[in-house]
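Top to bottom, those sequences are chains A and B.
When you number the first sequence by my numbering, it's gap-free, plus one each residue, and the end is 515.
When you number the second sequence by my numbering, it's gap-free, plus one each residue, and the end is 404.
These are calculated hints, taken from the structure and not from any lab test.
Please note: incorrect hints may appear among the correct ones.
Derived pair list, reagent style BS3-like, types lysine-lysine, alpha-carbon separation capped at 30 Å [stated by the list, open to error]:
| hint | chain 1 | residue 1 | chain 2 | residue 2 |
| --- | --- | --- | --- | --- |
| 1 | B | 93 | A | 472 |
| 2 | B | 342 | B | 357 |
| 3 | B | 170 | A | 472 |
In this text, all values refer to a predicted model and were calculated from it rather than measured experimentally.
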Amino acid sequence: MIKRGNILARTLHKWIGLIVGLQILIWLTSGLYMVIVDIDFIHGDPLVKNMQQTVEVPDPSKIGLPELLGQFPDTEQIGLRAVMGETYYLVTTVSDRWLIDPQTGAIHSPLNEETVRKIARFHFNGDASITNVSLIESSPPMEIQTRPLPLWRVDFDDRYSTSFYIDPQSGRLATRRHQYWRIFDFLWMLHIMDYKERADAHSVLLISAQVSGLIFAVTGLWLLFYSFSGRRKKQTTGK
Amino acid sequence: MVFLKKLHKWVGLLIGVQLLLWLLSGLMISLLDPAKVSGAQWANDVPAPGSMPFDQVLGFDDLPAGLTKDALRIDLKPAAGGFVYEITHSDSSVRISAINGRVLKTSGEDAHKIAQKDFGGDGEISSIEAGMAPDLETRNHREPYWRANFSDSASTAIYVSQRSGEILERRNTYWRVRDVFWMLHIMDYSGRKNFNNTLIIIVALTAIWLGLSGILLLFYSFNRHDFWFLNALGKHNEVTITLLDPANSGPRKLKLRIGSNLFVALAAHDINLPSMCGGGGECGKCQIRFEPSDAPEANKLEQGLIPKRRRERGVRLACQQEVHWGITLHIAGGTLKSGDDTSTGTA
C-alpha cells in the first residue's frame, strides 16, 4: 500500500512539478523580492520631503465663509490646505474642487505646469532635474489606474526613475512611483496571476495553480518522510 | 545530480513544511470571499450628506487657537446632525461642532446607533466595549474606539472611532480565519503586519534553492519516453521482456512499453519490487539482475547504492533503468508470487 502510494506520490510530484514548477519558482522569487525590499522604500517615503505642512487660519476680514459660499453656492465641504507652505481654501463643490487664495479670493486651480513643477521640486527629496511634465486626463498608465483623473505627471532624472503625480485641483502630491515600485507591482501581478488588472487574487487560474501546488507540496513531504524513514531502517537492520 | 538530489532533499526537510503552509495559506486566502472578509457584504450603504445649508456655521477663525495650532488640515463638512470641523494633526485628530464650537465625542450610545445602522446582516448588538487602537483587529489605526459585538453567525465586531464616529473596521470570523492564514503566509506571528521580517527572508532564500534544484532535477526525472502519448497517435511500441524468479518454475514473459521506467512498468503489472522511496533512486532496494552481457552501464546513483561486485554481476536498480527489447531480468525469489497474490484484477 505504502509502496504504491510512494510511486503515485513520485509520479504526481514529477508531473505537477513539470506543469506548475515554474509558477512555484515565480511565487518564490516574487515573494522573496517583496519580503526583502523594505515596504516603506517601495512606497517612496525616502523620495519625498515637506509632507507634513501646517496650515494657518486665514484672516476672515478678507475672504471668509460668506464670500466662498457666495462664489460657490453648491459647496459641500470647505477645508484649509497648505501648498508649498502657504495656506489655501480647498472648496469641494458638487462637481469639483477649487484652490482659493484666502487673501484675494483668486481661484488657483487647475494648476498650470509652472506651478506643478514648483510643487514637485518642493516635495522631491533630491537634486535630480525634471525630465518631463504632462497632464494625464484619460487612459492613465498602469501605475495609477485606480486613481481619479486628471493628474499631472512629473518625471525626474534620478536613479529610481521617480514620477510624481500631482492633483491639479488641490496641489496635493497624490502619489509617487519609482522603478522599484514598478518591479514590485509587476512581481505582484506574477504572484497573484492576474495579468490584466493586477488586483484579483481569487481567480480560477490562481486557485487551480494553488491546488496543484498544494498536492505538489504534500507529495514532496510524503516522499521526504519515506526517504528518511527508509534510511533509518537500513541502518537498524544492518544491511 | 546526486548532489542536487541531496540538496533538494535536505532543503526540503528544512523548509518543506513552510512551503506547504505558504501554498495552503495562499489557497485559503484566495478561496475566502473578499466581500465577506472585509464585511462589505453586510455593510449598509450610507447616503452621502450632500450639500447642506451653511447657515449659522462658525467660521475657521472662531475655532480655539490652541486646537488649530500646527494643524495639517482643517475641514468643515456635513455630518450626522449638522456641520463639524475636523482638525487633523500629525498624530491625532479632533472634531468640533460647527454650530456651538464644542469638542465632539462619540458616546457608547452614539456608537451603538452608528454600528446598528451600518450592519445589514442577521443579528443584533449584544455588547459594546471601549478600547484603544492599535490592537490585533484595529492594527491600522491609532485612536480610542468603541467595539460593537453582534450576535450574528459570523461574530461580527464593528469598530467605531471615539473621536470621529466613523467606522474604523468591520471584523468577523471570515476575516479572523483569513488573518491566521495571512500570519502563516507572511510569518509575522506577533503583529501579523510586517512582511519584511528576517525569518521570512531567510526561509524564502532557502526555498529558492529548493525551487531551483527541483527545476534542475526535472531534467533528470523525465526522459523522452515519458511523453510517448505525444507521438504516433498513442500507438506505443511494446516489447517483450523475460522475468526469472527462482521461486517460480518457468520464466514469465511480459509486454512493456519500450523506454518506460522499469520499476514503474513492473509495478503497473503488480510486480512490486521492494522500495521505500517510490522509485527515486534513493533507497537502493528495487534491485534486479540483468544478464551480465546485456547489463546497461550503472549510473552515479547505482554506483553509490550497489557494491561493485554485485554491479559486475549485472545488478542494477529498476527505477534507474528503462525497458529495452529482449532483456532478461532475474528478480528476488518470490517477487512474482507475492505480486500475483496481491494483484486483484489481472490473472
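Here is what the structure says about each hint:
1. B/93 <-> A/472: Holds, because 24 Å separates the two Cα atoms, which is no more than 30 Å.
2. B/342 <-> B/357: Given pair residue 342 of chain B, residue 357 of chain B holds - Cα atoms ~16 Å apart, limit 30 Å.
3. B/170 <-> A/472: With a Cα-Cα distance of about 42 Å, the restraint between residue 170 of chain B and residue 472 of chain A is violated, given a limit of 30 Å.
In summary, the one numbered hint that this structure violates is 3.
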